[in-house]
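Chain order of the listed sequences is A and B.
Per our numbering, the first sequence starts with residue 1000, numbered consecutively.
Per our numbering, the second sequence starts with residue 1000, numbered consecutively.
Note that these hints are calculated values from the structure, not bench results.
Certain hints may be false.
Which copy is meant is left open, so a pair is good if it fits within one copy or across any two.
[Stated by the list, open to error] Each computed DSSO-like pair below joins lysine-lysine, with the alpha-carbon atoms no more than 27 Å apart:
1) Lys1398 x Lys1369
2) Lys1371 x Lys1398
3) Lys1362 x Lys1283
4) Lys1011 x Lys1023
5) Lys1087 x Lys1379
6) Lys1059 x Lys1133
7) Lys1362 x Lys1398
8) Lys1379 x Lys1002
9) Lys1087 x Lys1283
10) Lys1362 x Lys1023
11) Lys1371 x Lys1002
12) Lys1255 x Lys1267
There are 2 protein chains.
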Amino acid sequence: MKKIEGGVTAAKGYQASAAAAGIKYQGRTDMALVYTEKPAVCAGTFTTNVVKAAPVLWDKEIVAKGAPVHAVVLNSGIANACTGEEGKQQNAAMAVAVADQLDIRTEEVLTASTGVIGMQLPLEPLQKGAVLLKQNLSAGREAAEAAARAIMTTDTVPKEAAVSFEVDGVTVTVGGMSKGSGMIHPNMATMLSVTTTDAAISREDLQELTKEAVADSFNMISVDRDTSTNDTYLVLANGASGITIQKGMKAYEDFKEALNYVSTELAKQMAADGEGATKLFEVKVVHCESREKAKTLGKSVITSNLVKTAVFGSDANWGRILCALGYAGVPFNPEIIDLTLEAEGTSLVLVQDGVATDYSEGKATELLSKQKVTVICDMKEGDSSATAWGCDLTYDYVKINGDYRS
Amino acid sequence: MKKIEGGVTAAKGYQASAAAAGIKYQGRTDMALVYTEKPAVCAGTFTTNVVKAAPVLWDKEIVAKGAPVHAVVLNSGIANACTGEEGKQQNAAMAVAVADQLDIRTEEVLTASTGVIGMQLPLEPLQKGAVLLKQNLSAGREAAEAAARAIMTTDTVPKEAAVSFEVDGVTVTVGGMSKGSGMIHPNMATMLSVTTTDAAISREDLQELTKEAVADSFNMISVDRDTSTNDTYLVLANGASGITIQKGMKAYEDFKEALNYVSTELAKQMAADGEGATKLFEVKVVHCESREKAKTLGKSVITSNLVKTAVFGSDANWGRILCALGYAGVPFNPEIIDLTLEAEGTSLVLVQDGVATDYSEGKATELLSKQKVTVICDMKEGDSSATAWGCDLTYDYVKINGDYRS
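With these hints in hand, go ahead and build the complete structure from the sequences.
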């Protein structure tokens, strides 16, 4: 598996584009398109929130039907959630506008929206946007990045990842983009993500692998414990590489690894770019009884406001970490736990067998001041482990979310 | 039922005191004592955190045994959690020091601690404190307030509440104090609370009523979703009024109402004094299928960082409220919900049948700027309701928790 530059156009047969449609934001792009000429098999996972945005309802139906798709159109600025019947109509209108431009059927167009909840999408910008999206379509690297940039809301950087691997001398590629900065919490993060591959694979296998990839990536990050109404993760496989992936093949494992890599990379980029975040905060729970339990414990730590503010303040307030493990809802023996801090290759044991070591506070503060901070929670009870990613809770998070309707 | 001024000394036969023992804080009181000469029946509820502080383990054992108690000693500054064997010894030493001073048995002394996790309690200040606590004991109103003040950590105001009711012309009183500002989340809030009554009541009945009172009060507030290692709620009944409360009596219902009132008042005072909070944020979920479901929905809204920052910014970002209801983990129909904002007797319907009304944003901002803001979520599906209390998420929360080890 080889990490490569690129996003949704890294795999063969995909084009992307961005457009400044003026939906809500001014002076920036706010619509994106991912297009495959060859029809693609599609898998998807969606928010578990009871309140589901119109595009989520639309996509769920298309993914469930299982017919091939040709395009994903995405917009930022307005989430098209809590918009009732009118919202469903506007969402359909967005799909229709793109289908008309691309000369494909409406039900071959997936949609995704992100932004303010409760506002209606304006029709005219959508239609103008669809024309521009068609005009700007390109298979180039820049087009993928422009698309990744157009779906940003409070994100500060576009998020892309791609890898390739060889099957019988033929290159198969998996590349993706995502957005997500606030309203980010497992099941899934508030996020839109589109991943493309030129492998050929059955819909059932792709759906299974997509679910597995989500479980260890997007569902293991949190910015603010808020699960959004719009979370959408779509994976398109158009077979343009000429390689067919089936269970039992080595290529199946390679493909799985590639998909997991892309989704994990995108998830980590979202955690690091959490609203107001200054650091990526990684929690590894090791030697745990089961993987599920390790995940539960890890997620409890990355979602604790008290831990997150301490990380912001570079304060080794490990008591808050033990406390967050303690209310995760799973049993363990607090009297045998070790906690170790790690950053830039240096580690420091803070807690041994449940009580503080005589670690240096100065050294701890130094490690906590780095851009990526890892805490290892050694439960000493088994062989399973899991990793969760979050970020610090800062003044800017409050500013971003208290100052304007984001 | 008559609301009265006072705290833990409002009921007959109780004395309280405070002392500046110098445990961690300087220049302020940091130990408190509640004493009843007549032995008292005691009920208690404690944190559900797997990591339990030494005083919690101590009290649980005493409450489980069911023998009468004479005193509760509390300290602030150091939580005596994650302190291993030494922590248990220091906790016992605190009980011994007080028992010696009061000439009672060690197992008649309950303990409670709040403050930094992981530090050991220093012995000398504890012993000095015990002497001062004995010297300062008084049944007066000022002594109760001094005790309520001595247990504060990041709290900005002491928290007390008291009521009385008549049984056959005899006054029965219930009064309490509590502390709690950060690490506050249902099951239970990070809090210490002691309530006293001069009613006589069986231990079984008192425990049952205490659990009920907690379910609707302390377990319905949240500051930061962090459930602490030290939560302790103790209710002492010494019978000094001469009135015995039994099931089936009208007085039983009166007592229940009184206990609920005191615990709810204390809970609301804690929510309003949440770390960095500028407002009390109340969420009423009405016309819900069941009370449990209404509680779940209400707690989801008060714990959402995005809702809390919007309340801080006085931004009527109702989409975040619907979103928080949506990820609460219970089913409902988002397309029939109404949301109403209420403050100082004025109300404003923001959402009707799941979509925005044409409410005035200016009016909404005005209501959200008040010190107590209520949101009513009308689920339109049944007859049950519940209320939850929280506060806004502010720069000061980040400051308090990022800047120093609180």
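A quick look at each hint next to the structure:
no., hint, verdict
1, Lys1398 x Lys1369, "both (23 Å within a copy, 20 Å between copies)"
2, Lys1371 x Lys1398, "both (23 Å within a copy, 21 Å between copies)"
3, Lys1362 x Lys1283, "within (20 Å within a copy, 47 Å between copies)"
4, Lys1011 x Lys1023, "neither (33 Å within a copy, 65 Å between copies)"
5, Lys1087 x Lys1379, "between (51 Å within a copy, 23 Å between copies)"
6, Lys1059 x Lys1133, "within (25 Å within a copy, 69 Å between copies)"
7, Lys1362 x Lys1398, "between (30 Å within a copy, 22 Å between copies)"
8, Lys1379 x Lys1002, "neither (34 Å within a copy, 52 Å between copies)"
9, Lys1087 x Lys1283, "neither (41 Å within a copy, 30 Å between copies)"
10, Lys1362 x Lys1023, "between (47 Å within a copy, 23 Å between copies)"
11, Lys1371 x Lys1002, "within (21 Å within a copy, 53 Å between copies)"
12, Lys1255 x Lys1267, "within (18 Å within a copy, 51 Å between copies)"
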